[in-house]
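Protein chains: 2
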Amino acid sequence: MKRRELLKVGTAAGAGFLATAVAAPAIAQSQPELKWRMASTFPQTLEILWGTAAQLVKRVAEITDGRFKIQIFGPGEIVPAFQVLDATQNGTVEMGWTSAYYYWGKDPSFAFFTAVPFGFNARLAEAWYLHGGGAEFVDEVFKDYSCHCIQAGNTTAQMGGFFRKEIKTVADLQGLKFRIGGFAGNVVKKLGVVPQLIAPGEIYPALERGVIDAVEWVGPADDEKLGLAKIAKYYYYPGWWEGGAVAHALINLNKWNELPANYKAALTAAAREAGLWMTAKYDAANPAALKRLVANGVLLRPFSGEIMDAAYKATEETMNEFAANNARFSRIYQSVRAYIKEGYQWWQVCELPFDLYQVRMSNRS
Amino acid sequence: MKRRELLKVGTAAGAGFLATAVAAPAIAQSQPELKWRMASTFPQTLEILWGTAAQLVKRVAEITDGRFKIQIFGPGEIVPAFQVLDATQNGTVEMGWTSAYYYWGKDPSFAFFTAVPFGFNARLAEAWYLHGGGAEFVDEVFKDYSCHCIQAGNTTAQMGGFFRKEIKTVADLQGLKFRIGGFAGNVVKKLGVVPQLIAPGEIYPALERGVIDAVEWVGPADDEKLGLAKIAKYYYYPGWWEGGAVAHALINLNKWNELPANYKAALTAAAREAGLWMTAKYDAANPAALKRLVANGVLLRPFSGEIMDAAYKATEETMNEFAANNARFSRIYQSVRAYIKEGYQWWQVCELPFDLYQVRMSNRS
Numbered sequence: 604m605k606r607r608e609l610l611k612v613g614t615a616a617g618a619g620f621l622a623t624a625v626a627a628p629a630i631a632q633s634q635p636e637l638k639w640r641m642a643s644t645f646p647q648t649l650e651i652l653w654g655t656a657a658q659l660v661k662r663v664a665e666i667t668d669g670r671f672k673i674q675i676f677g678p679g680e681i682v683p684a685f686q687v688l689d690a691t692q693n694g695t696v697e698m699g700w701t702s703a704y705y706y707w708g709k710d711p712s713f714a715f716f717t718a719v720p721f722g723f724n725a726r727l728a729e730a731w732y733l734h735g736g737g738a739e740f741v742d743e744v745f746k747d748y749s750c751h752c753i754q755a756g757n758t759t760a761q762m763g764g765f766f767r768k769e770i771k772t773v774a775d776l777q778g779l780k781f782r783i784g785g786f787a788g789n790v791v792k793k794l795g796v797v798p799q800l801i802a803p804g805e806i807y808p809a810l811e812r813g814v815i816d817a818v819e820w821v822g823p824a825d826d827e828k829l830g831l832a833k834i835a836k837y838y839y840y841p842g843w844w845e846g847g848a849v850a851h852a853l854i855n856l857n858k859w860n861e862l863p864a865n866y867k868a869a870l871t872a873a874a875r876e877a878g879l880w881m882t883a884k885y886d887a888a889n890p891a892a893l894k895r896l897v898a899n900g901v902l903l904r905p906f907s908g909e910i911m912d913a914a915y916k917a918t919e920e921t922m923n924e925f926a927a928n929n930a931r932f933s934r935i936y937q938s939v940r941a942y943i944k945e946g947y948q949w950w951q952v953c954e955l956p957f958d959l960y961q962v963r964m965s966n967r968s
Numbered sequence: 604m605k606r607r608e609l610l611k612v613g614t615a616a617g618a619g620f621l622a623t624a625v626a627a628p629a630i631a632q633s634q635p636e637l638k639w640r641m642a643s644t645f646p647q648t649l650e651i652l653w654g655t656a657a658q659l660v661k662r663v664a665e666i667t668d669g670r671f672k673i674q675i676f677g678p679g680e681i682v683p684a685f686q687v688l689d690a691t692q693n694g695t696v697e698m699g700w701t702s703a704y705y706y707w708g709k710d711p712s713f714a715f716f717t718a719v720p721f722g723f724n725a726r727l728a729e730a731w732y733l734h735g736g737g738a739e740f741v742d743e744v745f746k747d748y749s750c751h752c753i754q755a756g757n758t759t760a761q762m763g764g765f766f767r768k769e770i771k772t773v774a775d776l777q778g779l780k781f782r783i784g785g786f787a788g789n790v791v792k793k794l795g796v797v798p799q800l801i802a803p804g805e806i807y808p809a810l811e812r813g814v815i816d817a818v819e820w821v822g823p824a825d826d827e828k829l830g831l832a833k834i835a836k837y838y839y840y841p842g843w844w845e846g847g848a849v850a851h852a853l854i855n856l857n858k859w860n861e862l863p864a865n866y867k868a869a870l871t872a873a874a875r876e877a878g879l880w881m882t883a884k885y886d887a888a889n890p891a892a893l894k895r896l897v898a899n900g901v902l903l904r905p906f907s908g909e910i911m912d913a914a915y916k917a918t919e920e921t922m923n924e925f926a927a928n929n930a931r932f933s934r935i936y937q938s939v940r941a942y943i944k945e946g947y948q949w950w951q952v953c954e955l956p957f958d959l960y961q962v963r964m965s966n967r968s
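Protein chains in written order, with the numbering used here: chain V, 604 to 968; chain Y, 604 to 968.
If we strip away everything but chain V, and leave its shape as in the complex, we get (with noise of 0.2 Å):
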């Protein structure tokens, strides 16, 4: 019975009392008071990243006038970085704050969730997630591990990151140390490479000290905070293995079932607009760190058409080992290869031309 339902019985049988009396009780179980915590991947240093959790804890306490209130906690505070799935899965905390691919050992289909090599760029990626059978995929994957999750935001195309030394060939790769995010170290093992997975806080004593030889981490205006380009020159484009990387708001799914529908409606819209926020700030402030950078001294470089083609193959092999043994790996890199060849062939017609002519006259003058 709904609330207006509920006055008008309570005026009609005369009982004004207890119609707001009985009244309040529903309105409370629509409008609870909330308290929340939120374990953080990603430490308060990295402004956008932390930034979009701000925006999207912000933006729930503003709908609610303040009754559901989530309190973030950056790595170590409650849980350790690469802890915040397990963390939410057993309830530790109420919400997370990460990027699904972290977790591939766990589940190797998470790292469609963020990025595999040669996968999608960040508009693709949101078109697949929403309107692409994604959105479906996700929540089949993360009710294993007994969490809700909402995509929220790209750190769209990511750098290749930066390396001691010129990498012209997949020899020069031989016995690297590469620190690298997620899925892709499967990927880099296959051309010589040594993948390391550090959190963000120890990349940078990891790269003075020479125990690892490069480091990608996200693009020019995270990078330059970990102030990598002190230690290593030479800045590598394209991020091949991210295209487009995705964060992720993961709920402890009995948190989520429990909550009442407008407060589910309220912390999805919240997630998406931060994830909007989130791409767009990280469009906003790439092009000038990159301009600092480069008047730093650093020298940006592109990786070969030989290793590119060479982690492509590399990409593929490993991405058929993973399928043979994994059927859900299996449908979901079927979805997602037919999505992106779809999707570029029409991106190859309007959108590129497009941006094509435009950084051609973004470079007159």
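Where hints are given, some of them may not hold.
If several chains are the same, the list does not tell them apart, and a pair holds so long as it fits within one copy or across any two.
[What the hints assert, rightly or not] Within a straight-line C-alpha distance of at most 25 Å, the following computed DSS-like cross-link-like pairs (lysine-lysine) qualify: (1) 672 / 792; (2) 672 / 661; (3) 833 / 793; (4) 793 / 867; (5) 746 / 709; (6) 944 / 894; (7) 944 / 828; (8) 793 / 638; (9) 836 / 867; (10) 792 / 768; (11) 944 / 858; (12) 638 / 867; (13) 661 / 858; (14) 709 / 780; (15) 867 / 672; (16) 867 / 661; (17) 746 / 828.
Honestly, the hints are just simulated from the structure, not real lab data.
Given chain V, put chain Y in place with the hints provided.
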């Protein structure tokens, strides 16, 4: 005073009834029952543009437990397609769903908020709006028309439209009667074209009867619905005057100012989320629609270098003419031009090489 504090005070005084009675109006004020009308420029047959408004009002209703209801009306139901700004400004409707550049005749600065020739692509338009000063310009201009405006979605890069005959040189454009939206009419005039603004519902008969020789509307998904390919076979790209066109939710400024803060937050989040949905929907629908058009005999043609360069020059002349006569237009133009230049200088380093490689691979086999 917050509701909880009121309850506490009431309970402390041993006056449970009073506390409840006092608390009710505080909730009612922040959760008023509202029924608004939204006039749309776009008819229901254009399912993505209409669907975006539908997403918006659905989400607002969900978040507010049905207390804030907005009903959408198609063009001609309350006001004609291109009088949505006027109707919102004068309070005939509380909201409008339209695109700012249809009103460039009232104020040429409106053009920047949707698309100007050789302007933003979809992502740069969002970056400029959210993080590059765009939203502040939007507020400044729309305030003069007693509206609050929320940017909500992008059509993505548009096609150049359907032409009855091949267009290879600027000479081929002389005297061509061309349906074209918004500010771009000023530019194509300089190329010898006779621009005409025709509402969506009247485009097909105008082309069929030969009132016009060519039509640009949006992209494959929308263009296919207008059935233009039956009359004009040559489908040109890219639509250099709309690298991405933005849609807008307008709210009468007095009505906006009267909204409680939580409703303002809900409406903003819902509109931006709907915008994300819209951009993704175009990216999802265009690839298959293009395939169908080509399978039905449409012939894809790129605009020649001669036409692109002449159009770029005509655009610069046009923008400078308007800037010379309008200080605010000039201010916004400087901001937009600098943003495009810097944005594309970064784009060429990371997004473009990734997209180019993906396009190449999507064409294999």
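**Message:** Tell me the hint numbers this structure goes against, listed in increasing order.
**Reply:** Numbers 1, 3, 4, 8, 9, 11 and 17, in rising order.
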